[in-house]
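Each chain, written out:
2 protein chains.
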Amino acid sequence: MTLIARVEAVLIADDPSTFVTRELDKVDLHFGGIEGDRHFGIFAKADVRQPMYPRGTEIMNRRQLSIVSVEELQGIADRLGVEEIRPEWLGANIVVSGIPGLAKLPMGIRMLLPSGAGVVCEGENEPCTGPGKQIANHYGIKELTHRFVKAALQSRGIVAYVERPGELKPGDEIEIQI
Amino acid sequence: MTLIARVEAVLIADDPSTFVTRELDKVDLHFGGIEGDRHFGIFAKADVRQPMYPRGTEIMNRRQLSIVSVEELQGIADRLGVEEIRPEWLGANIVVSGIPGLAKLPMGIRMLLPSGAGVVCEGENEPCTGPGKQIANHYGIKELTHRFVKAALQSRGIVAYVERPGELKPGDEIEIQI
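Taken in order, these protein sequences are the chains called A and B.
Numbered per the UniProt record's numbering, the first sequence spans residues 1 to 178.
Numbered per the UniProt record's numbering, the second sequence spans residues 1 to 178.
Next up, chain A with everything else stripped away, as it sits in the complex:
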């Protein structure tokens, strides 16, 4: 089965002081992800997301890219009773639309881009309080920090890594091979 998603925005986290991303006209996907992004690297240090490995150990980086969907972000906003959730606040690198249940895409499946690039889904990005704080700050409602975590379960998109390099830009159609 093949699903088609549309790329609405591409973003980079290139300010060392924050995980918050900013929009670009296009990105080049390299082995390791987006150069200059805080999650760039073929390898990464194990952290709280990989409790089975000692903290700081070098492992393959399966979390190079954060992908979110317009529909899931709106779902989180609705559950929190706010107008919108900006992808920047979640540190998203790619915003897509048109695919139901992005966060539930199975691990290992391929996403193919018009440039010939390929990206592999590494499963749901489990929500933490980091983005919640951004949302809470923006709306001036402290409780949103923790409410975000529950409201974003299975709605915070996926993480992915680059299998084959290539360009990615808004308007691209992503072919998701299930």
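Since the hints were made in silico from the structure, they are not lab data.
Check the hints yourself; a few may be wrong.
Claimed, not checked - In silico DSS-like cross-links for lysine-lysine, where the CA-CA straight-line distance does not exceed 30 Å:
#	chain 1	residue 1	chain 2	residue 2
1	B	Lys26	B	Lys133
2	B	Lys45	A	Lys45
3	A	Lys169	A	Lys142
4	B	Lys45	B	Lys133
5	A	Lys169	B	Lys45
6	B	Lys26	A	Lys45
What you are looking at is a predicted structure, and each value in this text was computed from that prediction instead of being measured.
The hints should help you fit chain B onto chain A, whose structure is shown.
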């Protein structure tokens, strides 16, 4: 859920003239797999297994290791009416026992070794005629070449890549996190 598999043998394909493997006392798993093995490499060239990419393009190597199970090999032997299927003939790198349905393990799950190494399942290794020829040659029965492909469906184990390096040897227990 955690499954436990026992490592029965470790093997390497270090003869450039063949994919057939030979047994070792132990192997060191590096980023990229087993050094000296024909499938070693963090990167690989796209081939017939990745028809979505142009042949020969550099991609991440998701097929560093071939893992088979004693039980599945015996099932193939039974269906072919032969005494045994040697893991060497399939180019297997790791032989395990004690896990039902190895070939059906989902992509993306982790397998942890006592040394601290971690390996990621990349799904079923779909059977082709290469191993069938080895089996046909050994038993002197030509038809086994093609009969192998059907008999080995969902029984030819999985491919995997190294997420964290470390040693692997017979007798090790592999913790499979589903």
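Hinted pair Lys169 of chain A and Lys45 of chain B, Cα distance within 30 Å:
holds, 26 Å
Would you mind confirming whether the straight-line C-alpha gap from Lys45 of chain B to Lys133 of chain B stays at or under 30 Å?
holds, 24 Å
Distance restraint between Lys45 of chain B and Lys45 of chain A, which requires alpha-carbon spacing of 30 Å or less:
holds, 27 Å
Hey, Lys26 of chain B versus Lys133 of chain B, does the alpha-carbon distance stay inside 30 Å?
holds, 28 Å
Is it true that the CA of Lys26 of chain B sits at most 30 Å from the CA of Lys45 of chain A?
holds, 27 Å
Hinted pair Lys169 of chain A and Lys142 of chain A, Cα distance within 30 Å:
Violated: Lys169 of chain A and Lys142 of chain A sit about 35 Å apart, past 30 Å.
In the structure shown, a violation is registered for the earlier hint numbered 3 alone.
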